[in-house]
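Student: Those letters in the sequence shown? Residues 0 to 349, per numbering that gives the first Met the number 0, in order.
The set of hints was computed from the structure by calculation and includes no laboratory data. Incorrect hints may have been included.
[Claimed, not checked] DSSO-like cross-link-like pairs, simulated, lysine-lysine; straight-line CA separation at most 27 Å:
1. 211 - 128
2. 39 - 128
3. 146 - 92
4. 93 - 128
5. 211 - 146
6. 211 - 32
7. 146 - 93
8. 143 - 92
9. 211 - 283
[As the list claims (entries may be wrong)] Have a look at the derived ranges for each label pair, beta carbon to beta carbon:
10. 205 - 125: 36 to 44 Å
11. 93 - 2: 15 to 23 Å
12. 206 - 140: 36 to 44 Å
13. 280 - 208: 27 to 35 Å
Beta carbons are placed, not taken as given, at the ideal position from N, Cα and C, and that holds for glycine.
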Amino acid sequence: MTDLLNVAILGASGYTGSELVRLLARHPKVALKALTADRKAGQAMADVFPQFAALDLPRLTTIAEVDLAAIDLVFCALPHGTTQQVIADLFAKKPSIKVVDLSADFRLADPEAYATWYGHPHQALELQKDAVFGVSELYRDQIKGAKLVANPGCHSTTSILPLVPLLRERLIEPDLISIVSATGMSGAGRAAKEEMLFSEVSEGVHAYGVGKHRHTAELDQEFDKAAGRTARATFTPLLIPMNRGIYATITATLAAGATAEALHAALEAAYYGEPFVKVLPFGKAPQSRHVRGSNNVQLGVVADRGPDRAIVVSTLDNLVKGASGQAVQNMNLVAGFEATEGLGQLAIFP
Numbered sequence: 000m001t002d003l004l005n006v007a008i009l010g011a012s013g014y015t016g017s018e019l020v021r022l023l024a025r026h027p028k029v030a031l032k033a034l035t036a037d038r039k040a041g042q043a044m045a046d047v048f049p050q051f052a053a054l055d056l057p058r059l060t061t062i063a064e065v066d067l068a069a070i071d072l073v074f075c076a077l078p079h080g081t082t083q084q085v086i087a088d089l090f091a092k093k094p095s096i097k098v099v100d101l102s103a104d105f106r107l108a109d110p111e112a113y114a115t116w117y118g119h120p121h122q123a124l125e126l127q128k129d130a131v132f133g134v135s136e137l138y139r140d141q142i143k144g145a146k147l148v149a150n151p152g153c154h155s156t157t158s159i160l161p162l163v164p165l166l167r168e169r170l171i172e173p174d175l176i177s178i179v180s181a182t183g184m185s186g187a188g189r190a191a192k193e194e195m196l197f198s199e200v201s202e203g204v205h206a207y208g209v210g211k212h213r214h215t216a217e218l219d220q221e222f223d224k225a226a227g228r229t230a231r232a233t234f235t236p237l238l239i240p241m242n243r244g245i246y247a248t249i250t251a252t253l254a255a256g257a258t259a260e261a262l263h264a265a266l267e268a269a270y271y272g273e274p275f276v277k278v279l280p281f282g283k284a285p286q287s288r289h290v291r292g293s294n295n296v297q298l299g300v301v302a303d304r305g306p307d308r309a310i311v312v313s314t315l316d317n318l319v320k321g322a323s324g325q326a327v328q329n330m331n332l333v334a335g336f337e338a339t340e341g342l343g344q345l346a347i348f349p
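Please work from the sequences and hints to get the whole structure.
Tutor: Pasting the structure below:
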């Protein structure tokens, strides 16, 4: 690769695509060479997102028009179920290319689990074995050598980061975990949907995908691996009327001999020195507004009134650390850059 990494973003007209543009436009080691949006091909990026009017960006094109000879790495910010064949075609045309995929199409290592949760067979099985699940803090070494990084889901990242270290240390019971994860509206994407109209969602909160949300499959995969056995958490997502953010409240039953303080110490040890994960002082819960617009995660541990339980709270921005920011972090690892490169934005508050 050259000093500047030449990058294409497929699906630049969605929220995660535009967030990639926002982050990469100021990345000192990246050149944005191609942006695609099939339905908006031919338009300027500023026509779709006026906040980019001051930037000199490539015009939107179709995927077929991208000159891969000029591209080192591709971000795929395309809908689930469409990306497997697109990525297979990319590697067929240019085997040396690197890909960071923001869809769910390569997150599940087990093809049968993928078919169960997504309702159709995997369309690129030969590539699945090369995909690395892109939780940057947990799989840093594997990501560095990967040609295909499967960026995890936003809900998944929010719960995996606090729970995997606790499961690895056998501090909590793997089958007695309850996660309530509230997300902002941008998690539903930018496409027009009647149920996402302001008057449909404002002034209220509701659960969705109860008992069947697809991010549950990612939790199963990573929790099983961490626990060394089957681990089945209860996961309930909520939709709340804010634009950005995820806030997960996790109730965990302590393993024999464990304490809430031990959970806190384990998380501090696991993320010591990590630039984007902050463990708050014991007994303090984070607030979503304190990570908004940043690639940061804040974790808190609070003792429950029952001596055998603890409450772990995790929050991040679903469009940044939950999607595009983590994708850039993974790109940095793949390219050999510092993980923090281009990701120094502080939270926007108020």
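Student: Between the beta carbons of residue 205 and residue 125, is the distance compatible with 36 to 44 Å?
Tutor: Cβ of residue 205 to Cβ of residue 125: about 41 Å, so the range 36 to 44 Å holds.
Student: Given the proposed pairing of residue 211 with residue 128, does the C-alpha separation stay at or below 27 Å?
Tutor: It holds: about 25 Å lies between the C-alpha atoms, which stays within 27 Å.
Student: Please work out if residue 93 and residue 128 have their alpha carbons no farther apart than 27 Å.
Tutor: Since the Cα atoms of residue 93 and residue 128 sit roughly 18 Å apart, the hinted pair holds (cutoff 27 Å).
Student: Just to be careful, I want the Cα atoms of residue 146 and residue 93 compared with a cutoff of 27 Å; is the pair within it?
Tutor: 12 Å, holds
Student: Given a hint of 36 to 44 Å, does the C-beta separation of residue 206 and residue 140 actually sit inside it?
Tutor: Roughly 37 Å apart at Cβ, these two residues keep to the hinted range, so it holds.
Student: Is 27 to 35 Å a correct range for the gap between the Cβ atoms of residue 280 and residue 208?
Tutor: At roughly 34 Å between Cβ atoms, residue 208 and residue 280 fall inside 27 to 35 Å, so the hint holds.
Student: Need the status of pair residue 143, residue 92: alpha-carbon distance at most 27 Å?
Tutor: 23 Å, holds
Student: Within a Cα-Cα threshold of 27 Å, do residue 146 and residue 92 meet the stated pairing?
Tutor: 14 Å, holds
Student: Do the alpha carbons of residue 211 and residue 32 lie within 27 Å of each other, as the hint requires?
Tutor: 39 Å, violated
Student: Between the alpha carbons of residue 39 and residue 128, is the straight-line distance 27 Å or under?
Tutor: Not satisfied, since the Cα-Cα distance of roughly 34 Å exceeds 27 Å.
Student: Next pair to validate is residue 211 with residue 283; report whether the Cα-Cα distance is within 27 Å.
Tutor: 31 Å, violated
Student: Are the Cα atoms of residue 211 and residue 146 separated by 27 Å or less?
Tutor: Violated, at roughly 31 Å.
Hint compliance for this structure: hints 2, 5, 6 and 9 are broken, all remaining hints hold.
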